[in-house]
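Knowing the structure of chain A, use the given hints to seat chain B on it.
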Amino acid sequence: MATRWLPILWRLVQTIPVVIGVVIISFLLTRALPGDPAVQFAGQMATPESIEQVRAALGLDKSLPQQFLIYCQALLQGDLGQSVATGRPVLTDLATRLPASLELTLTSLLLSCLIAIPLGVLAAVRQGSWVDHLCRVLVTAGVSLPTFFTGILLIYIFYYLLGWAPSPLGRLDFVYFDPPRVTGFFLIDSLLDGDLRTFTGAAKQLALPAITLALFTLAPIARMTRAAMLTALSSDYIRTACAAGLTPRKVLFGYAFRNALLPVVTTLGMVFSFVLGANVLVEKVFAWPGIGSYAVEALVQSDYAAVQGFVLAMALLFVLINLIIDLSYALIDPRIGFSSK
Amino acid sequence: MSLLNRRAFLASATGAGLLPFLRVLPASAQGSDTLVTVFGQTINSLDLHRVGTNRASYQVAVNCYDRLVGFGAKQLPSGEMSYDYDEIVPELAESWTISDDGLTITFKLKPNATFWDGRKVTAEDVKWSFDRAVSAGGFPTTQMAAGGFFRPDQFEALDAETFVVKLDYPSKLSLPNLAVPVPFIINSEVARAHATEADPWAMEYLHTTPAGSGAYKIARWDQGQQLVYERNDAWVGGDLPAIRRVILREVPSAATRRALVERGDVQISFDIPDRDAAELADKLTVHSTPVENCIHALCLNSKFAPFQDSDVRKAVAYATPYEAIFEAAAYGRGAKLWGGDTEITDTAWPRAFPYDTNLDLAREHMAKSGFVDGFDVTLSISLDLVSWMEPAALLIQEAMAQIGINVTVDRIPGANWRTVALVDKTLDMHLENFGGWLNTPCYYFFWAYQKDRLFNSSAYDNPAVHDLTEQTLHMAMDDPEYAPLIKQMFEIVIEDLPRIPLYQPALNVAMNGADGYEFWFHRQLDVRPLTGAGA
Chain A
1 MATRWLPILW RLVQTIPVVI GVVIISFLLT RALPGDPAVQ FAGQMATPES IEQVRAALGL
61 DKSLPQQFLI YCQALLQGDL GQSVATGRPV LTDLATRLPA SLELTLTSLL LSCLIAIPLG
121 VLAAVRQGSW VDHLCRVLVT AGVSLPTFFT GILLIYIFYY LLGWAPSPLG RLDFVYFDPP
181 RVTGFFLIDS LLDGDLRTFT GAAKQLALPA ITLALFTLAP IARMTRAAML TALSSDYIRT
241 ACAAGLTPRK VLFGYAFRNA LLPVVTTLGM VFSFVLGANV LVEKVFAWPG IGSYAVEALV
301 QSDYAAVQGF VLAMALLFVL INLIIDLSYA LIDPRIGFSS K
Chain B
1 MSLLNRRAFL ASATGAGLLP FLRVLPASAQ GSDTLVTVFG QTINSLDLHR VGTNRASYQV
61 AVNCYDRLVG FGAKQLPSGE MSYDYDEIVP ELAESWTISD DGLTITFKLK PNATFWDGRK
121 VTAEDVKWSF DRAVSAGGFP TTQMAAGGFF RPDQFEALDA ETFVVKLDYP SKLSLPNLAV
181 PVPFIINSEV ARAHATEADP WAMEYLHTTP AGSGAYKIAR WDQGQQLVYE RNDAWVGGDL
241 PAIRRVILRE VPSAATRRAL VERGDVQISF DIPDRDAAEL ADKLTVHSTP VENCIHALCL
301 NSKFAPFQDS DVRKAVAYAT PYEAIFEAAA YGRGAKLWGG DTEITDTAWP RAFPYDTNLD
361 LAREHMAKSG FVDGFDVTLS ISLDLVSWME PAALLIQEAM AQIGINVTVD RIPGANWRTV
421 ALVDKTLDMH LENFGGWLNT PCYYFFWAYQ KDRLFNSSAY DNPAVHDLTE QTLHMAMDDP
481 EYAPLIKQMF EIVIEDLPRI PLYQPALNVA MNGADGYEFW FHRQLDVRPL TGAGA
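Here the protein sequences come in this chain order: A and B.
Numbering follows the UniProt record's numbering, in which position 68 of the first sequence is assigned residue number 68; successive positions increment by one, without gaps.
Numbering follows the UniProt record's numbering, in which position 29 of the second sequence is assigned residue number 29; successive positions increment by one, without gaps.
Chain A on its own, in the form it takes in the complex:
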């Protein structure tokens, strides 16, 4: 058992230099941003004196190396610093906002996989048929429609015209209380609490934004599935399998699909990390209190600690996702092992 965990541990150790790099770069980048937080936070009416008072209060009158040292010391104690804009520890902000983004992103990816992978497989198997064309149309539409447009369109049709969707007011309508916090995922927390009404409420709120994001993420996944399946289906081992008289089912799923899964999983990982940071527009349209809008807000206001915390959290998430993807490679394809790396 220990020998199985060792490579994972080794992978984790390898990420330490990456994280240190991220810490340094994010610190320097925030300082290189245009804009002076002291001016920003001195409020509407400011005088040179009040701006200096604010600068001292934020600790920005110290030299850069001093500031970096203070930041690192706090970081080692697990303190990401205090966001000036929200007045709360950055860690608390991230802890409330990251689950909202994750819930939205994961739901939309699940939805998108459920549609895109079968579609891609079918399109590859029945190349040139109507399924293939449908796949092409969906993919083109998904890529070419910007998410905020799809979002507003969906709100217009399903909320404004038809009235099927609930008010696009974030994660829960105001008549509900938040479920007791366990994971931060409202769907899971409400189920853990055994509160089906809140679960339904949260699911309804989630539907439109998740569909919006799913339409967007559909494209790369479906395309990659189709391409990988085509490559797999035209390989020698499939011909051999067919010649050996295996059932089409076995050939398709046991051999072709399994081999095609590798690039699909890779794409999935990329799409996930991309979408998590990039769904700001969807968050804005649906008033979703996620991490994307938090980061943009922090950037606009030169809220250093918040920006640094966001970048660091994202970097850690990337590392984790890469690890999970590598592990799943090993599951899908036994030839890939950690020891060989």
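Just so you know, these hints were derived from the structure itself, not from any lab.
None of these values were measured; they are calculated from a predicted model.
Computed list of chain B residues with no C-beta within reach of chain A, every gap over 12 Å: (1) Glu-87; (2) Asp-101; (3) Lys-127; (4) Asp-131; (5) Leu-158; (6) Leu-240; (7) Arg-275; (8) Asp-309; (9) Ala-324; (10) Asn-358; (11) Glu-364; (12) Ala-367; (13) Asp-428; (14) Met-475; (15) Glu-495; (16) Glu-518.
Partner residues are not named here, just some residues of chain A that face chain B (Cβ under 7 Å, in silico): (17) Asp-36; (18) Phe-41; (19) Thr-47; (20) Gly-87; (21) Leu-169.
Label-pair restraints from in silico Cβ distances: (22) B:Gln-308 with A:Ala-74: 48 to 54 Å; (23) B:Ser-310 with A:Leu-69: 53 to 59 Å; (24) A:Gly-163 with B:Ala-195: 50 to 56 Å; (25) B:Glu-491 with A:Ile-70: 52 to 58 Å; (26) B:Thr-162 with A:Ala-74: 46 to 52 Å.
The C-beta atom is built at its ideal place from N, Cα and C for all residues, glycine as well.
This is chain B only, laid out in the frame that chain A set:
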């Protein structure tokens, strides 16, 4: 489910005792007891004095805290309701007297005023709160200074119900400045209990937990999502509000906010874009109030050589396409500030300058100037304010080309805007939107025309205007000398044109099922006078 259905459902749910099952906000979300408001900004603190508290959060100071005095209400000629700068009304103070030399103001507190925890409001609390405002640094301290309040030793609690303010000089701004959101009164006992050595003013605690005596308490605050106000039934600061609970939801997308208020799922959409206001005006109740003492202006920087030429400045003023800008940037919402009379007969401000679009006159002035062949200039705008700045800038660019001025539009990120435009004052030509809280022309001049002031982004330096502003700033408005001095100031800046007024912007509010809206200079929603529909 529309709100009406929801209300009916909630009403029945209460009756049937279903509430423990349905995890809703406690019962009374029925009838017109509850209003739901959406807006695009975010409330980032419940304490106005904290460093970093944004503008949207000022409304917490208005709705949850009391001041000694407040402003009355008046009906504008347009029929809209507005606060009344000229009428100071009691809030926590029952009465006040000003000494003959104008240096001492003595307040008597209402004997029955209590904080939310039931403790009586005393002069000690007022003193502690004022000390905090002048000592906290940053915005509150600057705003207090505008009224002549600089140091804690100016405030004294004579006995539990008598509070005295001593001024270094008499000023007409002192009393009104006690009615702005900043000098709000905090339950000092609660605050002190949570103060630490590093945080003597309990900023950490009051940031999330207000402790006041105001008309509304905070029932809950989910930062970045919503704020729920709940009425304080023991409020004595004014007439008890009609609405028991006001839910404030943050919805960043203007399109989503519009859908919500059109559908009637929310009753108020606060601060909507001019375009939505123009389009919704036929369907819903839309209040568009020109923002007092606020001007959207085209600023010409005196550090830029061509703008040191008076003829160039006038040429620009005559070439500016005012009407087109007003229609394209403001959708006709607000007030026009061009084509006014040359003769100054009153002290109204903002006022229409006596310039209008006239390309012939503009060309004449260019021909007279030292820049007959024209010149290149950069017109800077803020990315945070593109909704009005972008169309205005493009129209100006097009118009200036006709008199030989080659304009390049530069878009500056919001984080950097204040630094370059207001602090460094390095933008040659730019758009600016200053508005003063205290509604007097001299106050506007103090911030926007006096040398080195923050909003004097044109780096305008005219000793005469500087002195006139100093003279008038604290002078009573009914002083016989006041009006003539103000007229002189108007004449100089109309001639000098460091800022060319484009129009006076409007604050737009759409209502669907609510009533009682009042405009306030702080441009935030005062929920206290609101009522349900048809009330």
